[in-house]
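Engineer: Chain by chain, the residues run as shown.
There are 2 protein chains.
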Amino acid sequence: MGMNENLSKPLDRLSAELAGDMDQVNALIRERMASRHAPRIPEVTAHLVEAGGKRLRPLLVLAAARLCGYSGANHVLLAAAVEFIHTATLLHDDVVDESRQRRGRPTANLLWDNKTSVLVGDYLFARSFQLMADTDSMRVMRILANASATIAEGEVLQLTAAQDISTSEETYIQIVRGKTAALFSAATEAGSVIAGADEAVQRALFDYGDALGIAFQIVDDLLDYGGMSSTIGKNIGDDFRERKLTLPVIKAIAAAGPDERAFWERTIGHGRQDEGDLETALSLLKRHDALKAARADAIDWAARAKAALGPAPDHPLRAILSDLADYVVSRIS
Amino acid sequence: MGMNENLSKPLDRLSAELAGDMDQVNALIRERMASRHAPRIPEVTAHLVEAGGKRLRPLLVLAAARLCGYSGANHVLLAAAVEFIHTATLLHDDVVDESRQRRGRPTANLLWDNKTSVLVGDYLFARSFQLMADTDSMRVMRILANASATIAEGEVLQLTAAQDISTSEETYIQIVRGKTAALFSAATEAGSVIAGADEAVQRALFDYGDALGIAFQIVDDLLDYGGMSSTIGKNIGDDFRERKLTLPVIKAIAAAGPDERAFWERTIGHGRQDEGDLETALSLLKRHDALKAARADAIDWAARAKAALGPAPDHPLRAILSDLADYVVSRIS
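If you read the protein sequences in the order shown, they are chains Z and X. All letters in the first sequence, in the order written, are residues 1 to 333 by the UniProt record's numbering. All letters in the second sequence, in the order written, are residues 1 to 333 by the UniProt record's numbering.
Watch out, some of these pointers could steer you wrong.
Subject to a maximum C-alpha distance of 30 Å in a straight line, what follows is the list of computed DSS-like cross-link-like pairs (lysine-lysine) [stated by the list, open to error]:
1. Z:K54 with X:K54
2. Z:K115 with X:K54
3. Z:K292 with Z:K9
No wet-lab data here; the hints were simulated from the structure.
Required output: the full structure, derived from the provided sequences and hints.
Structural biologist: Structure, rendered in structure tokens:
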């Protein structure tokens with residue numbers, strides 16, 4: 001991801017602030033990822049746990065709960081449940097995208113097979129609902145069931161919107177809400193609900209998670225085209241090869257003349273891609289300032305995330321969450 | 001399935017008895033299977049709804065609730081939730097088994113693709129938890145979350161036990177509990193819970209569903225080898241070709257001499273199958289009375305299902321549920 005050392009601080013500060021809670025979450029994840037009867041399940045889940053990851057979503061649950069003054073133990077259950085939903089969707093996404101690598105390691109569908117990824121994903125999804133049931137909060141259950149439906153809906157929408165060069169920015173945001181923002185906003189909202197926060201604060205934390213998630217995904221999609229520089233430490237062009245209509249491409253298509261439109265139709269619409277096409281795509285994105293415009297949108301969503309925190313209680317975590325929104329877009333500065 | 005007309009009566013009686021409730025369940029299923037944002041979802045789910053099916057699992061929910069004197073409306077939500085879980089697992093199973101047909105129609109993974117089946121399955125699973133949240137019963141939520149975990153666990157266990165000719169009858173029952181009985185027993189138990197039945201009755205209905213589900217699956221596995229006759233209206237040998245260790249084969253392997261063991265090792269263990277091997281397998285099953293022995297087990301489980309109903313309230317539905325257990329095994333008489 002090539003983080004700017006200076007700006008990685010908000011996530012580090014969040015992790016440090018919540019280290020005690022997070023240790024409990026990690027222990028619970030390890031405990032509940034096991035299976036009494038099917039030995040393959042712990043093999044696969046251990047592979048996923050070892051891969052690490054930033055644990056951003058459980059941190060958002062914990063932060064929202066603590067920010068709202070929570071002092072119980074249910075936020076740990078909830079954080080683990082959210083991470084299980086996230087992990088289940090990663091397993092299924094890798095099957096859907098036929099991915100071979102994630103976080104620099106071979107994917108489960110490559111190491112085992114698609115069947116295993118589908119079924120272990122289902123297992124983790126069921127385990128997440130068991131964890132939620134343990135919180136004894138029906139509101140939380142409803143929030144995460146709704147988020148799960150939105151996630152699946154967004155993924156199906158992405159499947160049908162892929163390859164369709166008439167996809168609008170509105171549809172793109174809908175897809176992004178599903179694939180990323182729904183779980184961010186469910187994490188922050190549920191954290192506040194479990195803490196018994198009042199309606200306005202619940203709404204504030206939902207809006208924060210929603211805007212943060214959208215900013216996060218726009219940045220991810222920008223990085224897939226190299227971000228703002230051409231020397232980012234990530235393979236570029238995966239979305240182009242998979243013919244995904246992401247924000248930079250949607251903006252470039254909107255500004256395209258007939259020849260350029262024919263290029264997008266051929267490469268993304270019909271999937272006929274030759275050597276040099278990615279370079280052409282990058283030059284078109286540059287010509288129409290599509291990366292710059294997408295970056296401006298990401299920065300705008302990050303600003304909305306920060307503004308949403310207005311009604312949230314005065315607490316050290318509030319400043320960290322605010323800085324986290326800046327940090328998310330700093331990856332493309 | 002080639003039902004014996006005379007013995008199909010218990011299921012017909014159950015449907016007739018619960019017709020009013022079932023109309024509501026079907027309406028709710030149609031309503032909740034839709035999607036506001038992703039048009040492909042209703043296409044796929046309509047394909048599944050039109051395929052019909054016996055709706056046995058929602059009928060079990062309704063029957064258990066009514067048997068226990070329930071007069072509210074939550075049993076309809078619960079029955080739809082159970083059918084959604086069932087449909088989601090069928091979608092994922094067909095991906096895992098690479099199936100091309102179900103109920104005489106092409107599968108969703110064939111008509112669309114594996115990606116669509118995985119994601120629409122996830123969507124239905126999320127929708128089922130939304131329905132459960134609407135019942136406002138955390139006990140019911142927990143029962144179905146547990147069942148969902150057991151189902152996924154059973155499927156993974158089946159994946160790893162397939163091709164392993166040392167699979168025991170105990171492991172087989174574990175797999176069957178996961179893939180079939182867990183949702184039957186969750187349906188009947190949750191129906192009784194929602195009706196506020198006392199502990200002994202809840203337990204009775206759990207045990208009934210568990211034993212009924214095991215009998216049901218043993219019968220299904222028998223029918224895959226032609227049942228007790230050789231002229232059943234179903235393609236036989238699918239499980240043999242997929243190298244599944246089902247009860248008849250496990251029994252035949254237990255009785256096998258060295259040559260026969262080598263045959264099973266080659267065909268199921270290593271998957272090297274030639275023309276005539278299915279016929280050989282059938283003759284070995286016959287030689288060791290493996291089909292007869294499996295049938296005796298199915299009848300035994302049906303008897304246990306009937307006996308389990310002991311503590312259940314005196315009600316016309318009780319006799320129908322008891323007859324249903326006989327009906328399930330009548331398919332192989």
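Engineer: Would you mind marking each hint as holding or not holding in the structure?
Structural biologist: Tested hints:
{"no.": "1", "hint": "Z:K54 with X:K54", "in the structure": "violated, 46 Å"}
{"no.": "2", "hint": "Z:K115 with X:K54", "in the structure": "holds, 27 Å"}
{"no.": "3", "hint": "Z:K292 with Z:K9", "in the structure": "holds, 25 Å"}
Hint 1 from the earlier list is the only one contradicted by this structure; the remaining hints agree with it.
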